[in-house]
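Trainee: Residues per chain, in single letters:
Protein chains: 2
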Amino acid sequence: MRTIESIHQMQIWSDAERRATKRIALVPTMGFLHQGHLSLVREGRRRGDRLVVSIFVNPTQFGPREDLAAYPRDFERDQRLLEKERVDVLFHPTSAAMYPEGYETYVDLERLSSLLCGAFRPGHFRGVATVLVKLFNIVQPHVVIFGAKDYQQLQTARRMVQDLNFDIDVIGHPTVREEDGLAMSSRNAYLNEEERRAALSLYRSLKNAESLVRSGEKQSRRIIDAVRVEIEKEPLARLEYARVCHPESLDEVEEIEGEAVLALAVWVGKARLIDNTLLKC
Amino acid sequence: MRTIESIHQMQIWSDAERRATKRIALVPTMGFLHQGHLSLVREGRRRGDRLVVSIFVNPTQFGPREDLAAYPRDFERDQRLLEKERVDVLFHPTSAAMYPEGYETYVDLERLSSLLCGAFRPGHFRGVATVLVKLFNIVQPHVVIFGAKDYQQLQTARRMVQDLNFDIDVIGHPTVREEDGLAMSSRNAYLNEEERRAALSLYRSLKNAESLVRSGEKQSRRIIDAVRVEIEKEPLARLEYARVCHPESLDEVEEIEGEAVLALAVWVGKARLIDNTLLKC
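Those protein sequence lines, which keep their order, are chains X and D. When we follow the working numbering, the leftmost residue of the first sequence carries the number 22, and every step to the right adds one. When we follow the working numbering, the leftmost residue of the second sequence carries the number 22, and every step to the right adds one.
Since the hints were made in silico from the structure, they are not lab data. Yeah, the Cβ is synthetic: ideal placement off N, Cα and C, and Gly gets one too. Errors might be hidden in some of the hints.
Unchecked claim - Using 20 Å as the maximum straight-line C-alpha spacing, the simulated SDA-like pairs for lysine to any residue come out as follows:
{"hint": "1", "chain 1": "D", "residue 1": "K43", "chain 2": "X", "residue 2": "G290"}
{"hint": "2", "chain 1": "X", "residue 1": "K43", "chain 2": "D", "residue 2": "A37"}
{"hint": "3", "chain 1": "D", "residue 1": "K43", "chain 2": "X", "residue 2": "D99"}
{"hint": "4", "chain 1": "X", "residue 1": "K43", "chain 2": "D", "residue 2": "A41"}
Unchecked claim - Okay, the calculated bits of chain D under chain X, using three or more residues with CB under 8 Å as the criterion:
{"hint": "5", "segment": "124–137"}
{"hint": "6", "segment": "229–235"}
{"hint": "7", "segment": "240–253"}
Work out the full structure, taking the sequences as your base and the hints as a guide.
Mentor: Okay, structure coming up:
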């Protein structure tokens, strides 16, 4: 595995592979890798002749009061993990190279950026869309793999790729969970033992919602009320939002017809955790 | 020359040329071609193994009260002109294909979009940056040619290409003028005979400014005052703005050190005309 820090060197590598008609897969990450990431990496390995994993804690997707500085990092461990997965290139640019002085160009989605997490994290999806355009132009992938846990990010990437005419396949990969159901996330590192237990309320509330829908419930309001009750049982957990949405547009739906996504964000201690599930009628 | 309307077909053509290691030059236009455009086309012919000219009157760069519907068009004449210049592909997408229902992704520059013309045409450079990203992803050029008459557009393209890591050379080509000095522009078609004479005040004011600077004037305020006096002599002309700016950042400068750009926008009848010149101390 080659580790490339330089944007220019990365472009040269990708140019050469493209000329050799190799199919390039990209897994963009912020590092501090867990089994969820490694599952995306394996999906990328299957889908590309060449596999690039990027590790970049993107400052433009963090708000001024968010956890950019505290975000967990362990680059050497990440390197070892990716080496084992037969990754071809680990791309690891610096913030100074990605956002040099005078940087001023941003990509934004008028609608998708303002929904769900976007309403609570203004500027977050602008930062995500911007860094993805940059990574796409640098790595020039044919296929990009995203985890379904960050469901709004996945849909943002899909919409942006379509709108801006990137010739890239966007693949959503199922959320990987701990044995007890907690969705894997680098931010789980923020949880102490007690909070770790409280964090299970997210999974419980999703499972509860699924079973409500199986027993015939279609009203979003009742499903959300049940989620709220489940989260509020945990004194250490605070519900930021729970919404039932159209799986692509992410517009809220009052009643489930066919499929809908139940998405939620919950604060547990210093960790803002998100999770979601697909509800089918 | 091949005329391609389909975005997908255009991408297929460019993929094949890139795999054959051909260098693709792109000249993006809104059509109604004049000698200024053809001079860009010849520059593109020199710089690329393959030459694509796009004709697309981009709706997102027009404000709600601007001249989108009235913008002059003559596609068949344009086709004949480009055929003669040995253009390989004329790319001519529809608005419905470029901005399908639900389109919502935009590219903007925080600073450059708000200066000069941007202050009077809110959203204009957002539309320009957005359509350029789309055209770059569709045509996948190695080099793109812009006219220097649209100086802010040229600098916007340069900055955006650098910020978003497009691996593209941006070339600025000198403004082509009528014999009497009027900068060529598709919007000159809006001028009647009397207005056509009044439009010469732009060129006269630029020449006047150049000669002031040659005789030692460095104060932007005095240069701008002289421009204003020159334009106000013409009852049919109305100065929208005149600014002396740094040639790259486009920040206004109080005093010229080295080089500066004098840029102006003037209304003559229904035509909003722009022009600029490089001032050297």
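Trainee: Decide, hint by hint, whether the structure agrees.
Mentor: Now for the hints, and whether the structure bears them out:
1. For the hint linking K43(D) to G290(X), the alpha-carbon distance of about 56 Å lies beyond 20 Å, and the restraint is violated.
2. Of the pairs offered as hints, the one joining K43(X) and A37(D) holds, with about 14 Å between alpha carbons and a cut-off of 20 Å not exceeded.
3. Of the pairs offered as hints, the one joining K43(D) and D99(X) is violated, with about 38 Å between alpha carbons and a cut-off of 20 Å exceeded.
4. Restraint check for K43(X) and A41(D): the C-alpha separation of about 14 Å stays at or below 20 Å, so the hint holds.
5. Look at the segment 124–137 of chain D against chain X: 10 of its residues bring a Cβ nearer than 8 Å to a Cβ of that chain, three or more, so the hint holds.
6. Check result for the segment 229–235 of chain D against chain X: violated, 0 residues qualifying (beta carbon to beta carbon below 8 Å, three or more required).
7. With 0 residues having a Cβ less than 8 Å from any Cβ of chain X, the segment 240–253 of chain D misses the three-residue criterion, and the hint is violated.
Checked against the numbered hints listed earlier, the structure breaks hints 1, 3, 6, 7; every other hint is satisfied.
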